[in-house]
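S.K.: Using the hints, build the complex out of the two chains.
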Amino acid sequence: MEKLMKDKKAIFLFAFPTFLLFTVIVVLPIFFSLYYSTLQWDGFSKAISVGFSNYVNLFVNNTDGFSQSVINSLILALISVCIQLPISLLLAIILSRGIKKERFFRTVYFIPVIISTVVIGQLWMKIYNEDYGILNTVLRSLGLGSLANSWLANPSTALGSVFVAMLWQYVGYHMLLMYASAKSISPDIYEAARIDGASEAKMAFRITIPLMKPILSVCVVFAVTGSFKAFDLIYVMTGGGPMHSTDVPTTLMYTTIFSRYQYGYGSAMAIFIIIECLVCTVIIQKLFSKNADY
Amino acid sequence: MKNNNASVIQKDRSRKIRFPSLLLYLFLGIYAIIQVYPLIWLFLFSFKNNNEIFGGNAMGIPQVWRISNYLTVLTSGNVAVYLMNSVIVTAVTILISTILITTSAYSIVRLHWKMSKVFLTYILLGLMVPIHATLLPLFIILRNLNLLNSYLSLILPYVVFALPMGVFIMVGFLKSIPKELEESACLDGCGIYKTFYYIVVPLLKPAIATVAIFTFLSSWNELMFANTFINSERLKTLTVGIMSLSGQQGTQWGSIGAGLVIATVPTLLIYFLLSDQLQKSMIAGAVKG
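Protein sequence lines correspond, in order, to chains A and B. Okay, so the first sequence: first residue is 5 according to the working numbering, each after it adds one. Okay, so the second sequence: first residue is -15 according to the working numbering, each after it adds one.
The shape of chain B in the complex, shown without the other chains (with noise of 0.2 Å):
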């Protein structure tokens, strides 16, 4: 199937477009302005300061390139420590749910149990439900628990709510894969750990790639959650300290923009060093039929 797209590329560029090409690239290129020019301008006035901004230069080239606005950030603002947590946060959630996902989706497609199909089934039930709907119970269980400002009432939530799409998409990929291999790795006297960790486990990275992706954009972007659950400075992930920066930096719209793009710069690398694999775990995660 694959082939077979990329032959028809070839074929249609070399058979020319029939519609008015020029009317065409000039709709798509103005839409790519619509929507890359805001961040543009984010750049451009996370390197001014308020004078240059207020007097006219708006929009402009900054006549200075202020890289002093970044230095303010992150050593006078919380920024760094902001970042930290997330990446902390990120990572230990990314750890977690790729354990959990792949030994449960193993245990769904491989091990024999009677309860096999409708733990999937439990478990997939998740994709239904918005998590607007657990805020509060989960928001009285932390707090009961004393776990409420910690970076455990954070993963927590993250890990458990990325399980639903994960175990649905390695599911799907385990069983796209010939038990052969773990069949005679068994016949050589692997337990059932070893054929797991040492078979299973490396023929699943492509899926776990994709989970590991999906996983990182929705807990490194999540809001709700992080602005509930944490309230101290020390704590604070970057979705929420971002948000009150316009308070700390009163209306210093250059240390402020320099704060947006710290907060952006981590996801546009990933998204320019993986895009199509990214792209991919997007339209994994939707197409769930």
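In isolation and in its complexed conformation, chain A is listed as follows (with noise of 0.2 Å):
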């Protein structure tokens, strides 16, 4: 046995396929990312070197709203956990309490997280028509009429409007998570404290909540570092437009290398969503580890 599984050979076979296209697709990709971040390209012309100052152009001086796709970005993780989370959170409660039709409710919840981002933008964008989707015909017939609005093509709602979309179809991924963290507290305490005559806020909020941190703070990792990858819907929706109002650092690094031929600028782009994606969760998990002292 001890031989047999010392088979050079079959070592080989087995794990260098993957190592070798892991390394190509992946690993690779980031350095050469980093290369071209430091580069003035089109792709066809010469590369001229530019050390930093791609870094640079992106907060100093800029004209193409980078600062301000940063900041979209920021809203949509900020909204996502003070607004996404808590729902999820309610959700995944009540449902691990044992309520009847608790399958059937987490199945339909969970119905969105599975479907294709471009069905859910096409549809979204039916919605919002401005003459005749679900919203507006709905605020008309409440007599709402004058705030009806061409919601994706008005630079002052556009985001908000695709920031609904968004949170929408992900409320159910964390509700599932947080369920099942939630599911596996050990009946015994709730019996305990039920004999304390503790109520079920009381019993939410001191025994299942502080138990289930370790998700928590997985899911608040997963909407932020979500929210600063987002790309699909937004690009689906509105493309960054109208005016850059929608804007976030992926879908105006896409514009900027496919339909400007900015490719080394773009490129710092992508390194910067690295690093924002890489300093938020260590942060987020410093401060959740910090106070995990139950």
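Read the hints as simulated data drawn from the structure, not as lab findings. Be aware that one or more of the hints could be misleading.
What the hints assert, rightly or not - Here are the simulated DSSO-like pairs of lysine-lysine, each with C-alpha atoms no more than 30 Å apart in a straight line:
id	chain 1	residue 1	chain 2	residue 2
1	A	Lys12	B	Lys98
2	B	Lys189	B	Lys178
3	A	Lys290	A	Lys206
4	B	Lys189	A	Lys13
5	A	Lys217	A	Lys105
6	B	Lys163	B	Lys101
7	B	Lys264	A	Lys13
8	A	Lys294	B	Lys101
9	A	Lys10	B	Lys189
10	B	Lys264	A	Lys105
11	A	Lys12	B	Lys264
12	A	Lys12	B	Lys101
13	A	Lys187	A	Lys105
14	A	Lys290	B	Lys264
15	B	Lys264	A	Lys187
16	B	Lys178	A	Lys13
17	B	Lys159	A	Lys13
18	B	Lys264	A	Lys7
19	A	Lys104	B	Lys264
20	B	Lys189	A	Lys12
21	B	Lys178	B	Lys98
22	A	Lys294	A	Lys206
23	B	Lys163	A	Lys10
24	A	Lys10	B	Lys264
It should be emphasised that the depicted structure is a prediction, and the values quoted were computed from it without experimental measurement.
M.R.: What follows is the structure in structure tokens.
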């Protein structure tokens, strides 16, 4: 057995293809991106090395709205932590406390998560349609016709409208993760609390939520990094417009590279996104581990 | 643990919940409507024509169920082609990634070599990499290899981005199954490859299902690579094809709706058939510590 498990040829055959593909398709491109980010290059003519000036251009005397796109993604991160996660948490706690039709509700809430973002995006574009969308139809029938709006074409409402669709899609995902964690809490604890006369609300705040800390930290990390990486839904619904009002770093990176052919500058954005995600992940995990003394 | 949970559910049900349950169900019910109503609305308008939608019946049941909308997108549009492409790309991706994930996870957990731990860490680093950061370099690599506009240009990245999560899940699972079966197979004279194929792979089935579902969802729904690496009409996958549908079908809401429904049905079917298994996959993918 020992000898068999040390078979060099088998080890090579089993591990090397994965190693090779992973290196070529994930690891090397990161280094390429780092390198490209120091160039001024349109992808065809000769590249000029410009050092860190692409990174400087992201924030100093910026003209393409990159700072605004970062602010947009920060707003998205903030509302997904402050609005989306509490909704998910509430649903998860209610479902995990043993309620009729538990499985039915869980299954229904999760449906939007598995549907393609393109479908979700197209669907919400119809919902927001100025003339025949559900939203305006409902507003008009309630006598609130003055509030009807071309939601996605109006720069002041576009960002909010896109965010609503994004929050809507992923509530079920966080709900499921939290539900699984809440479900694994030992029932004896609740039994003891109930004997001591604790109410359901008190139990939720004093027992369930503190014990869910590890998964809550995962959810916050996902919500924040997910907001920084958000691309599909915004790309489908507005493409970053109107007038950059819904741009986030990923959509701006995409247009910078593939519409304006600024390969170097776009790569600097890509590297910025990686660093932003890493830094936030570390900070959030630090914050959660600091007060994890329950 | 599982039995424990199940018994709790029973107990809770018999005990009746203390807080005002009517209100609670009202809240859950309203939220359920918020989550599915847009999809029901999509289903309904996919059977209508513009006259009906614009003539005041934007939200109700269709007066006539126009199946012709579906026939139109399937025949005149390219939706059938897109569907075919998505099926091919996703199926090949699942097949290749499953092979790579099981073999490399096996080499990490069971085979004896010095670098196995380092190798695992290396692959798991991939969980931290946003795919956007690889987009441009991959585009250039594929362009130089003349692979743009081919199934391979999508299958390669989909397979590789499925590896870190898959290896993570598979390694965890492999560690939990005892070695004895493999040892006895070995004593009976089975070689390493036979042991792997006839003994280990069947034991791994649950984990393979988890990984395959995960890979299915991510590659079936992927947009950015598909939108960048493919521009030939014949090779577009559903996600990209559906995006251009609004262009092709003008403002025919019914046909666009039908296209969206066609793109959604396979995922929903899989979801309703395997919903528990699928939810488990999503949880397994998140709890990586």
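S.K.: Indicate, hint by hint, whether the structure satisfies it.
M.R.: Here's how the hints hold up against the structure:
Between A/Lys12 and B/Lys98 the alpha-carbon distance is near 11 Å, which keeps this suggested pair within the 30 Å criterion. With a CA separation close to 17 Å, the supplied pair B/Lys189 and B/Lys178 stays within the 30 Å bound. With a CA separation close to 27 Å, the supplied pair A/Lys290 and A/Lys206 stays within the 30 Å bound. Between B/Lys189 and A/Lys13 the CA atoms are separated by roughly 25 Å; this keeps the pair inside 30 Å, and the hint holds.
Of the pairs offered as hints, the one joining A/Lys217 and A/Lys105 holds, with about 27 Å between alpha carbons and a cut-off of 30 Å not exceeded. For the given pair, B/Lys163 sits about 19 Å from B/Lys101 by alpha-carbon distance, which is consistent with the 30 Å threshold. With a C-alpha separation of about 35 Å, the suggested pair B/Lys264 and A/Lys13 falls outside the 30 Å cut-off, and the hint is violated. The hinted pair formed by A/Lys294 and B/Lys101 meets the criterion: a straight-line CA distance of about 29 Å does not exceed 30 Å.
Distance hint between A/Lys10 and B/Lys189 is fulfilled; the C-alpha atoms sit about 25 Å from each other, no more than 30 Å. Under the criterion of a C-alpha separation no larger than 30 Å, the hint pairing B/Lys264 with A/Lys105 is consistent with the structure, at around 19 Å. Distance restraint check for A/Lys12 and B/Lys264: the Cα-Cα separation of roughly 36 Å exceeds the 30 Å cut-off, and the hinted pair is therefore not satisfied. About 16 Å separates the Cα atoms of A/Lys12 and B/Lys101, which keeps this hinted pair within 30 Å; it holds.
Of the pairs offered as hints, the one joining A/Lys187 and A/Lys105 holds, with about 15 Å between alpha carbons and a cut-off of 30 Å not exceeded. Using a Cα cut-off of 30 Å, the hinted pair A/Lys290 and B/Lys264 holds, with the two alpha carbons roughly 28 Å apart. Between the alpha carbons of B/Lys264 and A/Lys187 the distance comes to roughly 13 Å, so the proposed pair stays at or under 30 Å and holds. Of the supplied pair hints, the one linking B/Lys178 and A/Lys13 holds, its CA atoms being roughly 14 Å apart against a limit of 30 Å.
Under the criterion of a C-alpha separation no larger than 30 Å, the hint pairing B/Lys159 with A/Lys13 is consistent with the structure, at around 23 Å. Using a Cα cut-off of 30 Å, the hinted pair B/Lys264 and A/Lys7 is violated, with the two alpha carbons roughly 37 Å apart. Our distance criterion of 30 Å between C-alpha atoms is met by A/Lys104 and B/Lys264, whose separation comes to about 21 Å. Restraint check for B/Lys189 and A/Lys12: the C-alpha separation of about 26 Å stays at or below 30 Å, so the hint holds.
Of the supplied pair hints, the one linking B/Lys178 and B/Lys98 holds, its CA atoms being roughly 24 Å apart against a limit of 30 Å. About 24 Å separates the Cα atoms of A/Lys294 and A/Lys206, which keeps this hinted pair within 30 Å; it holds. A C-alpha spacing of about 15 Å is found between B/Lys163 and A/Lys10, which places the hinted pair at or below 30 Å, so the restraint holds. This hinted pair does not check out: A/Lys10 and B/Lys264 have alpha carbons roughly 34 Å apart, beyond 30 Å.
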